[in-house]
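With the hints as constraints, model all of the structure from the sequences given.
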Amino acid sequence: MSDVSIIVPARYASTRYPGKPLVHLRGATGQSKSLLERSVTAARAAVGTEVAIYVATDDARIAAEAERINAGVIMTSESCRNGTERVAEAVKNAGITSDIIINLQGDAPLTPPSFVRSLIAAMQQTPDMQVATPVLRCDEEALSNFLADRRAGRVGATTVVSNQLGQALYFSKEVLPFTDGKSSVNGVVPVFHHVGLYAYRQSALAAYMGWPQGTLETLEGLEQLRFLENGHPVSTIEVSEPGAAFWELNNPSDVALIEGYLSRMGMA
Numbered sequence: 001m002s003d004v005s006i007i008v009p010a011r012y013a014s015t016r017y018p019g020k021p022l023v024h025l026r027g028a029t030g031q032s033k034s035l036l037e038r039s040v041t042a043a044r045a046a047v048g049t050e051v052a053i054y055v056a057t058d059d060a061r062i063a064a065e066a067e068r069i070n071a072g073v074i075m076t077s078e079s080c081r082n083g084t085e086r087v088a089e090a091v092k093n094a095g096i097t098s099d100i101i102i103n104l105q106g107d108a109p110l111t112p113p114s115f116v117r118s119l120i121a122a123m124q125q126t127p128d129m130q131v132a133t134p135v136l137r138c139d140e141e142a143l144s145n146f147l148a149d150r151r152a153g154r155v156g157a158t159t160v161v162s163n164q165l166g167q168a169l170y171f172s173k174e175v176l177p178f179t180d181g182k183s184s185v186n187g188v189v190p191v192f193h194h195v196g197l198y199a200y201r202q203s204a205l206a207a208y209m210g211w212p213q214g215t216l217e218t219l220e221g222l223e224q225l226r227f228l229e230n231g232h233p234v235s236t237i238e239v240s241e242p243g244a245a246f247w248e249l250n251n252p253s254d255v256a257l258i259e260g261y262l263s264r265m266g267m268a
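What the sequence shown shows, in my numbering, is residues 1 to 268, in sequence order.
Take these hints with a grain of salt, some might be off.
As the list claims (entries may be wrong) - Restraint ranges, calculated between C-beta atoms of paired labels, are given here:
id: 1; residue 1: ASP180; residue 2: ARG117; range: 32 to 40 angstroms
id: 2; residue 1: LEU219; residue 2: GLN167; range: 16 to 24 angstroms
id: 3; residue 1: SER263; residue 2: MET209; range: 35 to 43 angstroms
id: 4; residue 1: ALA64; residue 2: PRO190; range: 40 to 48 angstroms
id: 5; residue 1: GLY243; residue 2: ARG61; range: 31 to 39 angstroms
id: 6; residue 1: ARG61; residue 2: PHE178; range: 40 to 48 angstroms
id: 7; residue 1: ALA268; residue 2: ASN186; range: 37 to 45 angstroms
id: 8; residue 1: TYR17; residue 2: ASP139; range: 20 to 28 angstroms
id: 9; residue 1: SER77; residue 2: ARG16; range: 20 to 28 angstroms
id: 10; residue 1: PHE178; residue 2: GLU67; range: 44 to 52 angstroms
id: 11; residue 1: ASP180; residue 2: ALA268; range: 35 to 43 angstroms
id: 12; residue 1: SER144; residue 2: SER77; range: 37 to 45 angstroms
id: 13; residue 1: THR179; residue 2: SER77; range: 35 to 43 angstroms
id: 14; residue 1: ASN186; residue 2: SER77; range: 44 to 52 angstroms
Keep in mind the hints are simulated off the structure, nothing from the lab. None of these values were measured; they are calculated from a predicted model. Don't be surprised by glycine CBs; every beta carbon is placed ideally from N, CA and C.
Given below as structure tokens:
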């Protein structure tokens, strides 16, 4: 996989959860590991030693943690407004030449290795695919968690709606499509969870950096909407991992939820 590099963007100054990459999470054995370590571990589980893995950050504390866990470090500026900008800057700063760049966001420690491999395979099999991201059909438990977050006024997970060609129509922090409180329609949950993972071609990253932030990206706080606002397709790759749970660390209240999933799935 010499044509692939994985970059984990991580910043300390999160508005909703400052210092989030360094928050510790207890696994099934009671062992406590930082969110950053668990995210890098997820990347390593997907690609082994075949692919270079870097942490891109603007903070010395996060850089020190990355070095402690033997991950490559690329320093980036404080002006990066989101993970995609940080990944693009890291690629430029480090002179990375891989055709496919994977952005594994540093708040998704439960990312199954198969999700990363599915994304890489889709990009390799479809040379004209410029940007791709995995989507996961919600089960009733996940949808219930989404709706509970919204009722409580918390900004939680992201949902996505796609067209018949598998291209994203829209991403939102709201629960889309509207289900009128139903957990399933004709026996199927119609809501897809957007997994915080992206694959880009170098040309797509370069184009992204040339566009200003748009209204939708600003309102939703979702970086991928910049592609859609500029007419650039984002391919959605449906993935599935029976028995696994997926949840990002967005709020302090998510710590207990993720620790519960780590315990349930036997993840140390």
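Right, here's what the structure says about each hint:
{"no.": "1", "hint": "ASP180 / ARG117: 32 to 40 angstroms", "verdict": "36 angstroms, holds"}
{"no.": "2", "hint": "LEU219 / GLN167: 16 to 24 angstroms", "verdict": "21 angstroms, holds"}
{"no.": "3", "hint": "SER263 / MET209: 35 to 43 angstroms", "verdict": "41 angstroms, holds"}
{"no.": "4", "hint": "ALA64 / PRO190: 40 to 48 angstroms", "verdict": "44 angstroms, holds"}
{"no.": "5", "hint": "GLY243 / ARG61: 31 to 39 angstroms", "verdict": "35 angstroms, holds"}
{"no.": "6", "hint": "ARG61 / PHE178: 40 to 48 angstroms", "verdict": "42 angstroms, holds"}
{"no.": "7", "hint": "ALA268 / ASN186: 37 to 45 angstroms", "verdict": "40 angstroms, holds"}
{"no.": "8", "hint": "TYR17 / ASP139: 20 to 28 angstroms", "verdict": "26 angstroms, holds"}
{"no.": "9", "hint": "SER77 / ARG16: 20 to 28 angstroms", "verdict": "21 angstroms, holds"}
{"no.": "10", "hint": "PHE178 / GLU67: 44 to 52 angstroms", "verdict": "46 angstroms, holds"}
{"no.": "11", "hint": "ASP180 / ALA268: 35 to 43 angstroms", "verdict": "41 angstroms, holds"}
{"no.": "12", "hint": "SER144 / SER77: 37 to 45 angstroms", "verdict": "40 angstroms, holds"}
{"no.": "13", "hint": "THR179 / SER77: 35 to 43 angstroms", "verdict": "41 angstroms, holds"}
{"no.": "14", "hint": "ASN186 / SER77: 44 to 52 angstroms", "verdict": "49 angstroms, holds"}
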